[in-house]
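Trainee: Spelled out, the chains give:
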Amino acid sequence: MNSLILRTATPFLVGLTVLFSIYVLLRGHNEPGGGFIGGLMGASAFATYAIAEGVSATRRALVVPPISIAGFGLFAAGVSGLMSIAFGDAFLTGQWWFPDFNPDLKYISTVVLFDIGVYLVVVGAIVGIICALEEDG
Amino acid sequence: MSDITQWLVVWPVLIPVLAAALAVAAWGNRRAQLVVGVLGIVAQGIAAIILFAHVWTHGVLAVSMGGWPAPFGIALAADTLGAGLTVAACAVALVITLFSLADTPEHCQRSGFFPLLLALMTGVAGAFLTSDIFNLYVWFEVTLISSFGLMVLGGGREQIDGAVKYAVLNLLATTFLLIAIGLLYGMTGTLNMADLSVKVAALPNSAALETVILLFLVSLGMKAALFPLYFWLPAAYHTPLPTVSAVFAALMTKVGVYALIRVFTTVFPESGDLARDAMVWAAVGTMVFGALGALTARDIRRVVSYTVISGAGTMIAGLAIGTETALLGSIFYVIHSIIISAALFMVVGLIIGWGGNNQIDTLFGLYKRAPFVAIAFLIIGLSLAGVPPFAGFWPKVYLVQAGLGEGAYVLVAAILVTGFLTLIVVGRTFALVFWRETSEKSAADGYRAGSLRIGTITTLTALTFALGLYAAPIVEASLRASNELLDPGPYIDAVLNGAGEHP
Chain A
1 MNSLILRTAT
11 PFLVGLTVLF
21 SIYVLLRGHN
31 EPGGGFIGGL
41 MGASAFATYA
51 IAEGVSATRR
61 ALVVPPISIA
71 GFGLFAAGVS
81 GLMSIAFGDA
91 FLTGQWWFPD
101 FNPDLKYIST
111 VVLFDIGVYL
121 VVVGAIVGII
131 CALEEDG
Chain B
1001 MSDITQWLVV
1011 WPVLIPVLAA
1021 ALAVAAWGNR
1031 RAQLVVGVLG
1041 IVAQGIAAII
1051 LFAHVWTHGV
1061 LAVSMGGWPA
1071 PFGIALAADT
1081 LGAGLTVAAC
1091 AVALVITLFS
1101 LADTPEHCQR
1111 SGFFPLLLAL
1121 MTGVAGAFLT
1131 SDIFNLYVWF
1141 EVTLISSFGL
1151 MVLGGGREQI
1161 DGAVKYAVLN
1171 LLATTFLLIA
1181 IGLLYGMTGT
1191 LNMADLSVKV
1201 AALPNSAALE
1211 TVILLFLVSL
1221 GMKAALFPLY
1231 FWLPAAYHTP
1241 LPTVSAVFAA
1251 LMTKVGVYAL
1261 IRVFTTVFPE
1271 SGDLARDAMV
1281 WAAVGTMVFG
1291 ALGALTARDI
1301 RRVVSYTVIS
1311 GAGTMIAGLA
1321 IGTETALLGS
1331 IFYVIHSIII
1341 SAALFMVVGL
1351 IIGWGGNNQI
1361 DTLFGLYKRA
1371 PFVAIAFLII
1381 GLSLAGVPPF
1391 AGFWPKVYLV
1401 QAGLGEGAYV
1411 LVAAILVTGF
1421 LTLIVVGRTF
1431 ALVFWRETSE
1441 KSAADGYRAG
1451 SLRIGTITTL
1461 TALTFALGLY
1471 AAPIVEASLR
1481 ASNELLDPGP
1491 YIDAVLNGAG
1501 EHP
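Heads up: the protein sequence lines correspond to chains A and B, in order.
According to my numbering, the first sequence holds residues 1 to 137 in order.
According to my numbering, the second sequence holds residues 1001 to 1503 in order.
Excised from the complex, chain A in its bound form:
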């Protein structure tokens, strides 16, 4: 779409939306939010970019093909379930680590990795579909 207003506003909108989507992703750990809804927001950011700048510019901006992002996400989610094997727990048992050196950082868990995986799957899959539809149309 060749609109000067949209193209001027897009860089700000995309940056803000991606940032907010990551905030929602991490907030989802204990509060409403999470990988799925965050991923939808992230995908909508790239969709805005695709509308304003075109599909080939979006593909360039993403560097890796969208479907590969989804693949990495699925792999990350699988690996997060796998980590519990090192602690003698069943598959998909969440592992929590409470570091002492930094009181602000309360804990790190494998659950976050799972959520990031979901985020990447959603972003990759939806951006991939949008790109495919826009290209052929």
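Quick caveat, the hints were computed from the structure, so don't treat them as lab data.
Accuracy of the hints is not assured; some may be wrong.
[As the list claims (entries may be wrong)] One-sided excerpt, in silico: chain B residues whose CB lies under 8 Å from chain A:
(1) A1021
(2) W1027
(3) L1274
If you're wondering where the values come from, they're calculated on a predicted model, not measured in any experiment.
A virtual CB, placed ideally from N, CA and C, is assigned to each residue, including glycine.
Chain B: place on chain A using the hints.
Mentor: Below, chain B without anything else, positioned relative to chain A:
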């Protein structure tokens, strides 16, 4: 609570997921996808063999995901049947994958063949190993979604047409399954199959329970391609690539048959007269109409599609009789059918390659050009019809023996008539396609099968021959599996108290 051996159940499901994810991540790099695909299926097969060996020596192995105690968590559980079928599925999937390296065109491999195949194998292994009925539904969806993708690879008009019919009818079946699971959950408050087994037995007989049982029979019967709901299979199986047809014929209906066996032995061991009668007539109808369909079809791919249907009927015949020997026959037949259906579709792929078309009326004289494939087809066909000394003979012996013992003469007659009709189908196809002489030259004289395709077909043919001559290991495994199904006590115990050791 959990120890490392319990992970043995997880690997056959987890390995193909991770491999599929890696293959998707390597999108556009055909060589990398190919390597990940082959290695993934090999690794899954090894995991399945280790799991089976463990189950064989130590009994049912169960694990609850995320450490949630049963029956609240989603449990995976491997008994002899589940683990054994996983091994058979992985072995045949590996052979088909090797066949596909030579058979599947490069642009189809590029557009996602390996990730989709790995996703399908995840769903198949998940369905065989889960002990949660809603999880079973999820694995059905996983196989279904990846099978849609596989079916339209190549993207021809005929393929899209077949895929649409397949998709609509299968989605209908999964919707029925979901409704049945929902109703059952409403009545019992649990989804864990071991827990269901206990709770359903305590329920009073009611119209609602009968409805749920029949809904399960209809929805899973549709998946297994049972009469009168099999029409989606011949409408779809002849359209995709030969490799994809081979995977579907070997695995997809078997997952449905497995689910029927599991649900109607573990969850509803006393399913009532109505469901039993329905099952008997469904089995009879599937066998006879499948064989008649094969007899009337002119497209050679449709001919073999119909034989897959009559095979599904034979497996359900054993479930309908329900004794130890009958279930033994059914389980043996499932394993035999996994091998034989894959081999049949692979051979048909070669026949179409050589003959240049797919009508049995216009294919001819292939014996001269490919005597080896002719012999392979004959052996596979005779095994399909149940002629000794091939593997297809033994399960039918057990089924007929069990049927006569229980007075199920209709089923026995149907099994024998189906065997006879299948023999006619095989003989006629062989005579027309391989023996018929003609002076005309066929369309594809330059077709070369290559050693990989011939080798993989030989492997499966040799396997059905070997299992016919030396059936004892399969009989022993099937016998143990059927005993476990008829006495679900250890399975229930392993799933519900599953965290500890099992002697």
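Trainee: Confirm or reject each hint.
Mentor: Status of each hint after checking the structure:
1. A1021: Since chain A brings a Cβ to about 4 Å from A1021(B), closer than 8 Å, the hint holds.
2. W1027: Because about 5 Å separates W1027(B) from the closest Cβ in chain A, which is inside the 8 Å limit, the hint holds.
3. L1274: violated, 40 Å
Checked against the numbered hints above, the structure violates only hint 3.
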